[in-house]
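Please model the complete structure; the sequences and the hints are all you need to start from.
Chains as they are written, first to last, in the numbering used here: chain E, 1 to 94; chain D, 1 to 533; chain X, 1 to 204.
Any given hint might turn out to be false.
Per the computed footprint, the stretches of chain X lying under chain E, defined by three or more beta-carbons under 8 Å from a beta-carbon of chain E, are [claimed, not checked]:
(1) 56–68
(2) 184–192
Far from chain D, some chain E residues (derived; all Cβ distances over 12 Å) [as the list claims (entries may be wrong)]:
(3) H7
(4) T9
(5) A15
(6) V17
(7) A19
(8) Y30
(9) D35
(10) S46
(11) K63
(12) H64
(13) M72
(14) S89
(15) Y91
(16) L92
FYI, nobody ran anything at the bench for these hints, they're computed from the structure. In this text, a Cβ means the ideal position worked out from N, Cα and C, and glycines have one as well.
Here are the chains, one letter per residue:
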Amino acid sequence: MEQEHQHITSYRTYATVLAVLLFLTALTVYVTWFDFEALTIVVAMSIACVKVIIVISYFMHVKHDKLVFKLMIGMVFLLILVIFLILFSDYLFR
Amino acid sequence: MDISAIDNSFLKHGTKYKGILGWLMSTDHKRIGLMYMYAIMIFFVVGGLLGGLMRLELFRPGQDYITAQTYNAVFTVHGVIMIFLVVIPGLAAVFGNILMPIMIGARDVAFPKLNLFSFYIYVLGAILAIASQFLGKGAPDTGWTFYAPYSTDTNTNVVAAVLAAFVLGFSSILTGLNFIVTIHRMRAPGMTWFKMPLFPWSLYATAWIQLLATPIVGITLLMIIAERWFKIGFFDPNLGGDPILFQHLFWIYSHPAVYVMILPAMGVITEIIPTFSQKRIFGYKAIVFSSVAIAAVGYLVWGHHMYTAGMSTTARWFFSLLTFIVAVPSAIKVFNWISTMYKGSINLQPPFYFTMAFVFNFMIGGLTGLVLGSLATDIHVHDTAFVVAHFHYIIFGGMGFAFLAAIHYWFPKIYGRMYNNKLANISCAFIFGGFTLLYFPQFIIGMQGMPRRYFDYLPQYEWAQVFSFFGAIVLAVGVIIMLFNLIKSARKGAIAGPNPWNGKTLEWTIASPPTVENFEEIPVITEGPYEYK
Amino acid sequence: MENSISHTEHRDDTASKMGMWLFIFTELLLFGGLFIVYAVYRSIYPDDFHIAANQLNTFIGTINTVILLVSSMTVAMSVTALRTGNKSLTLKLLATTIFLAFLFLVNKYFEWGLKIEHHIYPGSELMLTLKRGELLFFGLYYFMTALHALHIIVGMIILLVIYFKIKSGRVTKDDNVLLENGGLYWHLVDLIWIFLFPLLYLIT
Ligand SMILES: [Cu+2]
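Pasting the structure below:
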């Protein structure tokens, strides 16, 4: 189990990522001035999910990690999603 | 075979310190596993005595020895001790710790210090659980399920008990974390995933459940505490909360917890049957995938504890379907075990007898589980003694018997000595007979309507309670014989030698008891784990 | 493949990192349980949640989001700095991260202070007169942000310990997995806030 090759992300990439994240933050605040009615939560959560994916891929450098990490992370988010779906099969149909 | 193997073993040599500190501060996975085992044995006896106290009270109708309030406290403590201190850490923390690293050809777990740390968190949780009985305004009386809103209203000392469950959950998480990383990173060279023995496989599936289900109950218990202290109203209908949501969150953990108990038990059985049939396991991959499927689907069936609580019909239908699906991989395992024995050269030794008792009990427990899992029949038997009998058949008849099978199977490996075979067989007969006498009648009176958690009952149920009481006595005699046999043999038994059962997995290739380092040289694996000729 | 592995405690960075990720999963599910509670009560009391969320200060929330995002970048950069052997820059970036974390907590202090001044805090008399949904919203608000703030404090302590380990040379260019894991933990704190922010402040 020797040390694997370590991927070094450049400062510039990190700065770009931050710029994108700040833009998305501004966007998510900005869209609250419009009324999407029932879709408000969908829009807000979609932007949040994009931000989370960016943080995980770049800041947490999963993009350059082994496949097993990607599978594990995917599995955990899928699990949380499935729990929500099953739970709401109760609350939405009461 | 001489005594030198024992003198060179981990039993006599610590990693860093000597004497008692050498145990308490040891990062050796085998010593930590043994410390868990002694602690769990003690709590098992305590929990068993509390169970005996309940049986004594139920011996005759009416109030005889303890008050209703005391009875409520006793079944709560019995549940908390047995579930959180005995069966959940049971197989994984004891035999997982002692044997899993050896079976995958490693010298220790991935994070030995973390392993010791989880043991001390366990001890802290145990102290809190015991303290909850004596501190504050009386022992908790909510049952081990802490259902809201009663648990947020009662004046008894719920906070300490809830905190104990939270802390113990944390210990369980860290053990799971350690095992996952160990199995991913420390398998011996050549041991591919599908050359790994099946007990480590079951621990791997279990570890994921421990890791991913326990935090949910953790946060739920914290919410209970916050609600008691700050009147937030999460689960209090007076403040807008929904008590059924508590049940959801609680069972999202506590149903998978059943698999934390039973999956390693199945793993143990899967190790024992090939050894005592001297035959390759039937359907290796089917067993692997059924373990994974049980872990995955088992996570999603929690609602079958709540059919009568007021869930939507859609949800009930859905949970019932999933519950029936999860029965399939369990049944696959039973078929595989039986197919393994078919045309094998069966060696009737104590571990095998315990294993047979396991399979028998597990089938009764599993099939009655389907009665509870189907919507119509569950309404009839919900919250009756039928449920009590069902889960004792799974937890004690299943996990408990697997634990005893595991002790008798790996005892010569752990202590380097052999127990008295005849005495072991006698204790097995007593324990199995007592167990059946104790719990089977509860199925019948449960069907007839005897509610669970009641300290009094109608005279028509008396016959069964009398049977159960004497069953408990027979069971206790069996446990005493077994403990006597094992404790005596650990010190004075005949030297066992490295491989008394002619097993094929890696733990049988090294000295009994193992040295601190387990292996002089890490083996290179070229074939599957159960290659009997 | 060699026949034996010596028992000198060999280093396995992938194992350490995997351990850290597994721990992060448990944290995600811990907060996942809270998000479940939030989602359920929001679906039961959509209007009350709307009214209550309007009373939170979006400005402070946004500022705190920006603070956390920037701190996430600085801690990520510190890993790059350490790996390229620039120790003094690593230390500066870490110090910046810890300072930003502190700033976040100061903001939180004022935000809570404002709410408490208006008698909105768990167990207050005013809270009990609110509509049920509003009561639950503020209960969740306090519980979630308090638990998150606790994670910020733990993260600060972890980063502080790593700071001194780098300073004294126990975490180095070639042995940097501790810093990487500390960074992962800090990003987790950020991840959770990314979900908390719209759910608490922006659903108006
Ligand atoms: Cu269940």
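The hints, checked one at a time:
Counting residues of the segment 56–68 of chain X whose C-beta lies closer than 8 Å to any C-beta of chain E gives 4; at least three are required, and the coverage claim holds. Restraint check on the segment 184–192 of chain X versus chain E: 4 residues with Cβ-Cβ distances below 8 Å, three needed, restraint holds. Every beta carbon of chain D lies more than 12 Å from that of H7 of chain E, the smallest distance being close to 20 Å; the non-interface claim holds. Once the 12 Å rule is applied to beta carbons, T9 of chain E is consistent with being away from chain D; the minimum gap is 24 Å.
Every CB of chain D is more than 12 Å from the CB of A15 of chain E (nearest about 33 Å), matching its label as outside the interface. The claim that V17 of chain E lies off the interface holds: its Cβ sits roughly 28 Å from the closest Cβ of chain D, which is beyond the 12 Å cut-off. With a least CB separation of 34 Å from chain D, A19 of chain E remains clear of the 12 Å interface cut-off, as annotated. For Y30 of chain E, the requirement that its beta carbon stay farther than 12 Å from each beta carbon of chain D is met, with the minimum near 32 Å.
Against chain D, the non-interface label of D35 of chain E holds: every CB pair exceeds 12 Å, the least being about 26 Å. Every CB of chain D lies more than 12 Å from the CB of S46 of chain E, the least distance being 25 Å, so the non-interface label holds. Remark: the non-interface label on K63 of chain E is consistent with the geometry, its nearest Cβ contact in chain D lying 20 Å away (cut-off 12 Å). Here H64 of chain E stays apart from chain D, with its beta-carbon at least about 19 Å from theirs, past the 12 Å limit.
Look at M72 of chain E: its CB is around 9 Å from the nearest CB on chain D, not clear of 12 Å, so calling it non-interface is violated. For S89 of chain E, the requirement that its beta carbon stay farther than 12 Å from each beta carbon of chain D is not met, with the minimum near 5 Å. Not every beta carbon of chain D lies more than 12 Å from that of Y91 of chain E, the smallest distance being close to 7 Å; the non-interface claim is violated. Non-interface call for L92 of chain E relative to chain D: violated, since the shortest CB-CB distance, roughly 8 Å, does not exceed 12 Å.
This entry does not satisfy hints 13, 14, 15, 16, going by the numbered hints stated previously.
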